[in-house]
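Student: Following the hints, position chain B against chain A.
There are 2 protein chains.
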Amino acid sequence: MALPRSIRDLSERFSSLPGVGPKLSNRIALYLSISNRKLASRLEDSLKDVTAKIRLCDNCFNVTDNESLCEICDDGQRDKSIILVVETPLELYSIEETGEYKGVYHVLHGIISPVNGIGPDEIRIRELLSRLKSDSDIKEIIFGLNPNLEGDSTSLYITNEIKDLDLDIKTTRLAKGIPTGSSIEYMSSQTLSDSLRRRDGVE
Amino acid sequence: MALPRSIRDLSERFSSLPGVGPKLSNRIALYLSISNRKLASRLEDSLKDVTAKIRLCDNCFNVTDNESLCEICDDGQRDKSIILVVETPLELYSIEETGEYKGVYHVLHGIISPVNGIGPDEIRIRELLSRLKSDSDIKEIIFGLNPNLEGDSTSLYITNEIKDLDLDIKTTRLAKGIPTGSSIEYMSSQTLSDSLRRRDGVE
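Order-wise, the sequence lines are chains A and B.
Going by full-length UniProt numbering, 100 is the number at position 100 of the first sequence; the sequence numbering is gapless.
Going by full-length UniProt numbering, 172 is the number at position 172 of the second sequence; the sequence numbering is gapless.
Only chain A is shown next, with the shape it has when bound in the complex:
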């Protein structure tokens, strides 16, 4: 005897979500079917809501419920001469939480990854280059991509494309090193050698 079909269907759909395995998805499906129906109906409403309201910003491709530009691109106070490039809106909102960054963003919606069959044309690189060509005020591109092989090659690829445009634009990336509050003992030797090579003056 197996779980009723409607619960199995729900569980299967949950298991297609990032980070949800088959055991957890069974637990969730059962929880929603019998223990918390109120949450099930709220989830239903929310899913309807995001589908109706959420779109991507015409300029930076961040998620937004605005008509054309997202709140950041639409904000007169933000410095439009610096663009921070991220893989997904999640990194964008992590950086926003610092309250430190006053420039604007560009969301690639992916990373160049030959292993996963994702080339430069599958992500929003062309759109970034168009922004640079059409706006001569842009002075710096900061890469905020995860510090791994794919993030580094994507930054390098885009940097080379920008060089070919022959514009006066500086490209930088977030510092690599030992995270604040962590233990040197637990760092990988790659992290330690990066932080040795990129060592700072003591201020």
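Think of the hints as simulated: they come from the structure by calculation, not from any bench.
Among the hints, a few may not be true.
[To be verified] List time: in silico DSSO-like cross-link candidates among lysine-lysine, alpha-carbon distance up to 27 Å:
| id | chain 1 | residue 1 | chain 2 | residue 2 |
| --- | --- | --- | --- | --- |
| 1 | A | 23 | B | 176 |
| 2 | B | 80 | B | 139 |
| 3 | A | 53 | B | 38 |
| 4 | A | 53 | B | 23 |
| 5 | A | 53 | A | 23 |
| 6 | B | 163 | A | 23 |
| 7 | B | 102 | A | 23 |
| 8 | A | 133 | A | 163 |
| 9 | A | 80 | A | 48 |
| 10 | A | 139 | A | 163 |
| 11 | B | 48 | A | 38 |
| 12 | B | 133 | B | 163 |
| 13 | A | 139 | A | 80 |
| 14 | B | 53 | A | 48 |
| 15 | B | 38 | A | 38 |
| 16 | A | 133 | A | 170 |
| 17 | A | 48 | B | 38 |
| 18 | A | 102 | A | 176 |
| 19 | A | 38 | B | 23 |
| 20 | B | 23 | B | 80 |
| 21 | B | 38 | B | 80 |
| 22 | A | 23 | B | 170 |
| 23 | B | 53 | A | 38 |
| 24 | A | 48 | B | 23 |
| 25 | B | 133 | A | 23 |
| 26 | A | 80 | A | 133 |
| 27 | B | 48 | B | 38 |
| 28 | B | 139 | B | 163 |
| 29 | A | 139 | A | 102 |
| 30 | B | 48 | A | 48 |
| 31 | B | 23 | A | 176 |
| 32 | A | 23 | A | 38 |
| 33 | A | 80 | A | 53 |
| 34 | B | 38 | A | 23 |
| 35 | A | 53 | B | 48 |
| 36 | B | 139 | B | 170 |
| 37 | A | 102 | B | 23 |
[Unchecked claim] Derived list of chain A stretches under chain B, where covered just means 3 residues or more per stretch with a C-beta under 8 Å from a C-beta of chain B:
| id | segment |
| --- | --- |
| 38 | 17 to 27 |
| 39 | 39 to 48 |
| 40 | 54 to 67 |
Keep in mind that this is a model prediction, so the values were computed, not measured.
We put the beta carbon where it would ideally sit given N, CA and C, even for glycine.
Tutor: Relative to chain A, chain B alone:
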């Protein structure tokens, strides 16, 4: 700047699910809003479906999409003289997967847990005792509750209640011991002393 409200709402609802933390729920909400809208609408349909179809069996309280009795209680081939008691339908389906058990079940929908304010009346114990009183064919109750303090006290509590009924019913529980395929080295000393005390003859 924060995520758009509809995504934050969806994320918050996901984070109310068992096993889903705030980072994962943000990732899921964003994934459904922009990367996989087809899955969002399928989830919506499935949630509607379980709410409409799923109910609890009138006899054993397992989940079912049948009218009154679940498929197991309704199955003439199952041995109605043995009842295996579980905490949730998840354990029921784990046991069904073995293909070993031919009796029927009773789902308590919880476990006695004074710490969490759950007493005997909060779970389906009364309904189990009614089954025993009304059906003199029942000969054995097997407890399939998790082998911890709460599971053990719940088994003991119900066993005492059954004794008070003065019926000829045997109460047993699933064997405690070393899981097949595991390493003795990694077992807790409680598990090892249980498996020493309950040692079997070599067959």
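Student: All hints, please: hold or fail.
Tutor: Structure-based check of all given hints:
1. A:23 <-> B:176: holds, 23 Å
2. B:80 <-> B:139: The given pair, whose Cα atoms are some 9 Å apart, holds under the 27 Å limit.
3. A:53 <-> B:38: Status holds; Cα separation ~15 Å.
4. A:53 <-> B:23: Within the cut-off at roughly 22 Å; holds.
5. A:53 <-> A:23: violated, 32 Å
6. B:163 <-> A:23: Roughly 36 Å between the alpha carbons, so the hint for residue 163 (chain B) and residue 23 (chain A) is violated.
7. B:102 <-> A:23: holds, 24 Å
8. A:133 <-> A:163: holds, 12 Å
9. A:80 <-> A:48: At roughly 34 Å apart (the allowed maximum being 27 Å), residue 48 (chain A) and residue 80 (chain A) break the hint.
10. A:139 <-> A:163: holds, 13 Å
11. B:48 <-> A:38: holds, 12 Å
12. B:133 <-> B:163: OK: residue 133 (chain B) and residue 163 (chain B) at ~12 Å, within 27 Å.
13. A:139 <-> A:80: holds, 9 Å
14. B:53 <-> A:48: holds, 21 Å
15. B:38 <-> A:38: holds, 23 Å
16. A:133 <-> A:170: Since the Cα atoms of residue 133 (chain A) and residue 170 (chain A) sit roughly 14 Å apart, the hinted pair holds (cutoff 27 Å).
17. A:48 <-> B:38: holds, 12 Å
18. A:102 <-> A:176: holds, 21 Å
19. A:38 <-> B:23: holds, 23 Å
20. B:23 <-> B:80: violated, 47 Å
21. B:38 <-> B:80: violated, 44 Å
22. A:23 <-> B:170: violated, 33 Å
23. B:53 <-> A:38: holds, 15 Å
24. A:48 <-> B:23: Distance of about 22 Å is within 27 Å: holds.
25. B:133 <-> A:23: Judged against 27 Å, a Cα distance of about 36 Å means the pair is violated.
26. A:80 <-> A:133: holds, 14 Å
27. B:48 <-> B:38: Holds, because 16 Å separates the two Cα atoms, which is no more than 27 Å.
28. B:139 <-> B:163: holds, 13 Å
29. A:139 <-> A:102: Distance ~14 Å between residue 139 (chain A) and residue 102 (chain A) Cα, so the pair holds.
30. B:48 <-> A:48: holds, 12 Å
31. B:23 <-> A:176: Answer holds: residue 23 (chain B) to residue 176 (chain A) is near 23 Å, not above 27 Å.
32. A:23 <-> A:38: Status holds; Cα separation ~22 Å.
33. A:80 <-> A:53: With Cα atoms ~26 Å apart, residue 80 (chain A) and residue 53 (chain A) stay inside 27 Å; holds.
34. B:38 <-> A:23: Distance of about 23 Å is within 27 Å: holds.
35. A:53 <-> B:48: holds, 21 Å
36. B:139 <-> B:170: holds, 6 Å
37. A:102 <-> B:23: holds, 24 Å
38. 17 to 27: With 7 residues closer than 8 Å to chain B, the segment 17 to 27 of chain A meets the three-residue bar; holds.
39. 39 to 48: With 9 residues closer than 8 Å to chain B, the segment 39 to 48 of chain A meets the three-residue bar; holds.
40. 54 to 67: holds (count 5)
Of the numbered hints stated above, those contradicted by the structure are hints 5, 6, 9, 20, 21, 22 and 25, listed in ascending order.
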